[in-house]
Structure formats: C-alpha cells, structure tokens
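Participant: Spelled out from the first residue to the last, the chains are:
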Amino acid sequence: MYFRLIRNDLSKSKLITLTTTIFVAAAAMLFSLSAILIVNLSGAIDSLMHQAKTPHFMQMHSGAIDTVRLANFAEQNSNVDEYQVLEFLNMDNGQIILGEQSLANNVQDNGFSIQSEKFDYLLDLEGDIINVSDGELYVPINYMKDTAINVGDKAIIGGKEFTVAGFLRDSQMNSMLSSSKRFLVSPNDYVAIKDHGSTEYLIEFRLKDLSSLSEFETAYASAGLEANGPTITYPLFKTLNSISDGIMIAVILLISVLVVAIAFMCIRFTLLAKIEDDYREIGVMKAIGLRLSDIKKIYLAKYTAIAAVGSIFGFALSLLFKGLLLENIRLYMGESENSLFAAALGIIGILLVFFAIIAYVSGVLRRFRKISAAEAIRFGTSQERNAVTKRFSLNRNKLFNTNIFLGIKDVLARKRLYATMLTVLVISAFIIIVPQNLYNTISSTSFIKYMGIGNYDIRIDIQQTDHISQKSAEVLKSMNNDISITKYTILTTKTFKTKTEDGSEENIKIELGDHSIFPIEYTEGRAPATENEIALSALNADEMGKKVGDDITVVMKGKDITLTVSGIYSDITNGGKTAKAVFTDTSENIMWSVICAKLSDKSHIDEKVSEYADRFTFAKISNIDEFVTQTFSSTIKSVGKASIAAIFIALIITVLVTLLFMKMLVAKDRYSIAVMKALGFTNSDITIQFASRAVFVSIIGIVLGTLLANSLGEALAGAVITSFGASSFSFSVNPLSAFVLCPLMMVCSVLITTIIGTSGAGKIKISENIKE
Amino acid sequence: MKKIIIGEHIVKSFGEGDEKRNVLDGASVDINEGEFVAIMGPSGSGKSTLMFALSGMDNIDGGKVIFDGDELSSVGEVELSDIRRTKMGFVFQQPTMLKNLNILDNIILPSMRDNRKNVAKISEKARELMKRVGIAELEMRDITQVSGGQLQRAGICRALLNNPKIIFGDEPTGALNTKSAQEIMDIFSEINAGGTALMLVTHDAKVAARTERIMFMHDGKIVSELKLPKFDGTNIDGRVGKVTEKMWEKGI
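If you're matching them up, the sequences are chains A and B in order.
The numbers in the numbering used here rise by one with no breaks, and the one at position 169 of the first sequence is 169.
The numbers in the numbering used here rise by one with no breaks, and the one at position 226 of the second sequence is 1226.
By construction, these hints were calculated from the structure, which means they are not laboratory data.
Treat each hint with caution, since some may be false.
What the hints assert, rightly or not - Only pairs whose alpha carbons sit at most 16 Å apart, straight line, appear in this in silico EDC-like list of lysine to aspartate or glutamate: (1) B:K1099 <-> B:D1142; (2) A:K398 <-> B:E1124; (3) B:K1250 <-> B:E1225; (4) A:K398 <-> B:D1114; (5) A:K765 <-> B:D1114.
Said to hold, decoys possible - Chain A stretches covered by chain B per the calculated footprint, using a threshold of three residues with CB under 8 Å from any CB of chain B: (6) 409-418; (7) 679-690.
Glycine is no exception: its CB is placed at the ideal position from the N, C-alpha and C atoms.
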C-alpha cells in the first residue's frame, strides 16, 4: 500500500519531489565529504609531520648568532632530544627565475636551504627524504600549481643555473599562510649562491616529550638566547598546515548546514501544502479510527523514500568528488593512513542527514494531533484563528488599493506563517549585502587607511639589498632635483627590542622618519611628534596592552629609552605589528626603507614610476593605487567572486523558498480564494493580493537584512579585518548596489516567483471549495 | 416582466470516462426581475450545482445561461467577476467570511474593490444595513466573536451592499436555529419587497413557503413547479402545507 501511495504522490508532484531529493542528496554529499576530508586532512598532516620530523620549537633569527651558547643550552636542558641550527638564505625574488618565469612579483619570502641532517627534513612527493646533488634544485610544492615549472626545466638563482629535479613538501612552510618558502639545493651550491642573499637562522629543537613544550619555551626565553624573529611551535605548525584546507572543510560544513536547512524548508512547505490538500481525508481517517501513527506512516513513507534515495545518491556523489577535493591535501601533504575510517565517518554523516530528515518530517506531522476530525470533514480546510489587527481596517483604508491592503493585512494577521519566508529573505539579503560591502570596502581607495600609510602617489620600496641607506640617499637626491615631485619623505624600518612588563624582551619593528609629511589616520591619539613619542599599530597596542599616554621601554644601543604612546593606528600589512616614531638612530640594521612622494600632476604617475624603475633597479617602485590593489589583488578577486556567487546562491534560495511557500499558501488559502472569487474578485485581483503579501514580506526582509548586514555583518567582517590589524572597521557602501540594485533584484525575483507560484490560484473552482 | 435569468437546457457533468455523471441534465430555469423563487429537491438532485451554474460560479458543459442580457459562457473571467460583484449577491449555508477581517470590513469588501475612494460612504451604507438586520453593534467584532445567525445577517448585508439585481442563497438558514432562521427569512422577504430578486436553494418547506415560485428538481432536471401568491406575512401554515403536499407528490 505504501509503495502505491508513494508512487501516486510522486507522480503528482514530480518537480518538487525532485528538487527536495536533490537538496537531500547535496546535503548528504557535503556532510559525507566533510567527514572524509576531516579524517584525511588530519591523517595526512600527522603522516607528513611524522615523516619530516617537524621541529617542536623553532626560533627564527637574523643577525649574529652564538652557536656555542645555543649548543650549551641544548645540552643542559633535559627536555631537549635533538637540536640543530639551519641556515635559510633569504633572496630577493627578482633573483629567482624558474624556467621562463621570474618570481619578481611574488609575495612570498623565498629562500634556500640544504637538507637537514637530524630532523626537519624536506620530503619529495613520495614522502622520502630528498637527497640533492650539485646543480639540482627542488622547488616548494606551491609552485607546481602556481607556475608553469616542470621537472627538468632550467632555473637561474642569483645568476647560477640549476635543473629543477623535483618538488618538495615542507612540513614547516607548506601552508599558504606561511609567508616563507624553502627551496632545496646541495651544500656546494648553497655556498656558491650565499653572497646573493641574506642569511637567517632557524634554531630548531625536538623535545623528548611534546607536553613539556611550554616549559621549554619559558626556559628558552629566560635564557636570553637569539630571538630576532618569530618563534613557532609544533602545534602552530600543525594549525598552519591544517588551516587552508580546514577553512575549506568549515565552508563545506557551513554550506551543508545551509543546504539541510533548505531541504527542511522544501519538505516543510510541500508537506504543509499536502496536509492542506488532504485535510478532509485526514479528518475522515481520524474519524474512522485510524491511529495517528498509522496516518503519519502514510506521509512519512514518501519522505523516507526521498531521504533514502537522496542519501544513497549523495554518498555516491561524495565518493565521486572525494578525489577532486582530496587532490590538494594529497599534493601538499601526501596520503592519509586512515582512509577506511574516513569512509566509515562519511557513512555516519549520511545517516545523520537521513535520520535528521525523518525526525523533521515526524515533527511537522505532529500537527495531525491538532486536526479536529469533525472540523476537517465539515470545512475541508484548517480553521486557524487569525489575529485581527484592529487598527489596520479596510473601512479606514484610503491609502492602499483594496488588493494591496488585503495582502498586507494577511501578513499582519498571520505573522507566524510568514516568519519562515521572512527569515529566509533576511538571510538572503544578508548573504548578498555583506560580501558586496566587503568587496566595495577592500577595493575602494579609502582602504588605504587600514594599511597604515598616508596619502601619496608613488611608493619606493628598498629592501633585501645591501647598503640600504646609501641607495635610499641616491633616490632622495634624484627626488630633490625633480621638479615634478612636490613633497617626499623617507621612512626607515628597523628592529628594536622592547621590554615587556615581566622583564622579558620582544622585538618590535619601528618605522622611523617624519610622519607629518604624509599623515595617516589615527584611531586614537596622534602621530609621534617628539623624539620620545611612538605610535603603535592596533595589533601591537593590543598585544602589549598599551593605550595612548602609556610608556614603553625600547632598548637602543644597550640603553633603555622610555617612549610615550602618542597614537594608535590601523595596519594590516607586515602581520599588523608595526610602530612609528621620529627619533634618530644611526645604526645600520635597516630592514627596509620606503620613500613616499607626491607629484604636482597626478596624470604623470605612471610615467614617473617607469622613469624611477629604470633608473633604480634595486628598488621596487609602485603607483600607490596599484600598490594597494596589488597587495590585496588576490583577496579582492576572491571576495569579488564570492560576492557574485553569494548573489546567485541567495537568489536561488529566495526563488525556491518563495515558490514552495506560495504553492503551500495557495493550497492553504483555497477556501478564501474561492470566497473572493464568489464575491467578484478576478484572478488578477488574487494575484495582486499574493504579490502584495510577497513584496511586503520581502521589503521587511530586505530592510532587516540590510540593517543586519550593516551591523552584525560589519561587526563580523570587522572582526576578521581587526584580526589582521585594523583597529576599527566600517563598510564603505556603494549605495546604488546596496540600496537600489540588490533590493530590486530580490523584490523582482520574489515578485516573478510569486506570480508563477500562485498561478494555481486561477484554477481554484468556487463550487468545489465552498461546499455546504 | 423582464427576465433577469434565462437558463436553457443546462448540462453539467462531473467525473470522467465510465464514471461521468450528469448532475444537471438539461435543466431549464427562468427568473423574473424582483421574483422570489426557491429550488427544492432531494440530496444529489443538482440544486446547488444549478445555483452555481446560473450565477456563473461554475462552467457548464451544455445549454446556456443568460444573465441580464449577457450569455455567461461567452463572457471572459474578468467580466464574469464584474457581473458577480455588481449585479449578484450571495448568501451561503456556512458564513463565507474572511478570517483576517472584522465584520464591517467583510461586509464592505466586494464594494471596496471598485470604490476605495468612497470608503466613508460605503461604510455608512453598510452600517445602515447592519442596523436594519439588527447587528449594528458588531461592526468591529472578529468573525469568531459572533453567533452563526449574526454572521449570516452580516453575509446578507454584504450581499445587499452593491444593490444587486438578484441574491442567491444556498441553504441560507440550514445552519441556524428556528428563531434565527425565521428572522433571516423575514429579512429576505423585506429585501424582496424592495424589488431585489431572490433565488434560494433549500430543503426546508418553511423556507420555500415564503417564496412565490418553487421549482422541484430530480436527477438534474426541473420536474415540477408550484406557484404561490406573494407572501404577506399571513397563512404561513397553509403555504407550508401546499409545499409539503407537492413534495410528497414528487417523492422529495
């Protein structure tokens, strides 16, 4: 009997059944994929870090190094199992040419190493420790995808020719979030190219027991050993390795939750419409003594079938797409050892979706209890009591056309019914507006204020080269004689040590120079004006727990100097941790210099940029607008793509939910539609009434969605941007798209869908629905 | 006397194939302007279907219906709606009111379709009608806050508000107690005295006895007619007797 009932029901509503099945399958697929990916990712990371023997503690250091002192420390510390110091040859990207392609425009800090002897091995794609010969170069795995380089191609590093012998996996620097990348060369070749770059040291430790890591960290810090650079620990390496694929998995999980919600809505609206259609029959079944559970089974059967088919289909799809999504994980980290466990977890994910659907349908069907058999048989429709709003009455209405009035009135009288549709519209508006506002914000020129730089035209970066101060002076001399440049300044970044409250020392990058020439926006306070003032970036201020007016101690030439915090500003560059000061420091440990200039005629910027680029090949010259877009071009592009995708997804959800909701509403309201028709209202009157309901709900939805996007959405986006170093964040909104085009697009979709979805209202017969 | 409705050989069938059944099987009906008629017949004889066919609320499969000069099967959906709204009034057994609206709003609803600007005038007229049928104090009430009889009176007000040429009533007193039913019939007689034609579908001999012509239906056809003088409030028992006698004769 159930099979016949299911077959009959399915043949009557093929399209909606198909849509629901597709959503169930998609949800099942996504859940299963997430489970498979999570297990594989964690397995692959463990394998990689195990094979590579990733250090438990690593201190990067630039500058002089006392290896004897370090070796003594390692020997004396009972937690240390193994210890080594690796050299990392940091080279200007312009000196690295892979095949035909120069890495000059690459944003990574590329460097060269030799294979380590004890641990922290660089592995080939089979997971084996690479044994590199003279003349061979192993390239980080990222460049396999990002460049056209192939094994056997030539590479020129600092003028020396190499052959690309393969690609390497680096358990430390594999992640895109790690800003450094290690190339592998032989010890002889390393010596040959050593003069073309600057040496950094990787001071690495493996501990006997990882649980003693924090104890070891404290010991290292208090021993006052080399620490001019970031410290990275084993858990952080693990996080870095898992984060980009982890984000992908999180996004898939989020989407699957969204898809499940849509599947639930499809089920809810179709089921409610079906209950309305069958109202009298349900009454009869109750009247002749069928148990509620028996009646429920009839309806549950169809959705059990849909859930089963969808889940099986979803699982099959997840197996099909698994390879595609695992490709990245396999490429970067290798195979995971627990693929059987992954498949089992995938099946658990599918079962979760299956049972969630059954439980949900069962929940919706609980309303059978409320159906009065007598009422159902007599009226054939549910006799819900509506809240009649006293103020909004037809006999006082002069403003709206009667059909529009009836539409609005219906929404006000049945608020609970429309709440689902409203929620979907609010979410859709939110999904459309937030990425778009974010895109507008990061692509607008005013985004510069979050980068801690002033309003100038040309930026000249001098870094990773020798004699920075002489080279900077050379540029400044030219600028001084250049009449097209109205003003310029040089800002030099150097590393200093600051003393924290517990007495330990930390490095701080301070940009020295005259900050009044191209002032930046300060979220608190003002620019440093005197020698004993310093301005901190928001992240630095936060981390150091400093406010405007507080003092910080900086060590200069071995002496403690107290500086007062004059201001706090946003900076999302250089990891968000910078500082600005005006004091003079004659030491030569310059990290980089930036020369900023403003032109008398902006139209000559490009000309000037190429003129200076030709003249000063050691420097990177950029048009400031291009600098902003270049720095964030991949982010801007991704957010742009995401915002377009978001519009499509939100509109599809809106259309689907509106369609199903309107179909349900027509089924529910067929009695009042018949009454209207009997009283002389035309089919187009009825359509206008439904359209008014839909437009009214969508206007409220859009308004709430926009408010939410500009409050919660802004706060969320702000939280992300703040974590990169901005101290305050506000959307720059494009009013035309945010307040006109997007709402119009949503209203039009809702309107057209409503007209299509309520076309069935015209077919409702008065005689069949006003039965006595 | 001018005929407001001419129905000729009306056929209406339900079902398909072997299960197809003519509910109206060539029924012919004429109703004059200002006339008060009743349709009687056993259950399933086609009374309500005939009313739906004559009012254009249902399509017919054969024959024709001319209402006030317009053949209903040849006018479009919009014109048909206009005719129903402006020239016809309806009172059903169950009060067909919209749950979202209060009593007054339900009454003025069809009139507001075209005359929104005259809302004050329409409401005033509705209030007069409500006063006339004895529900003046209920205008702001929700439809669930009044009795069935009061709701039926509100339905009559709604039917009357556009000054229709005819009011169709499908068992209008069927759901009411005797006292309420009598009061409703008094209102119908009063309306008819004002010149509005009425056509009531009923099982009740007491209701039919108030009218001046009773058509008896059987198997989708009008099989007999009984004419009575206009009801003047007297001799109701004698009229009921005549109707009952005819019903016996026709086996209804």
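Participant: Compare the structure with each hint and give your call.
Facilitator: Tested hints:
1. B:K1099 <-> B:D1142: Answer holds: K1099 (chain B) to D1142 (chain B) is near 8 Å, not above 16 Å.
2. A:K398 <-> B:E1124: holds (15 Å)
3. B:K1250 <-> B:E1225: Holds. K1250 (chain B) to E1225 (chain B) sits at ~10 Å (cutoff 16 Å).
4. A:K398 <-> B:D1114: holds (13 Å)
5. A:K765 <-> B:D1114: Distance ~23 Å between K765 (chain A) and D1114 (chain B) Cα, so the pair is violated.
6. 409-418: holds (count 4)
7. 679-690: That given contact holds, which follows from 7 residues of the region 679-690 of chain A lying within Cβ reach (below 8 Å) of chain B.
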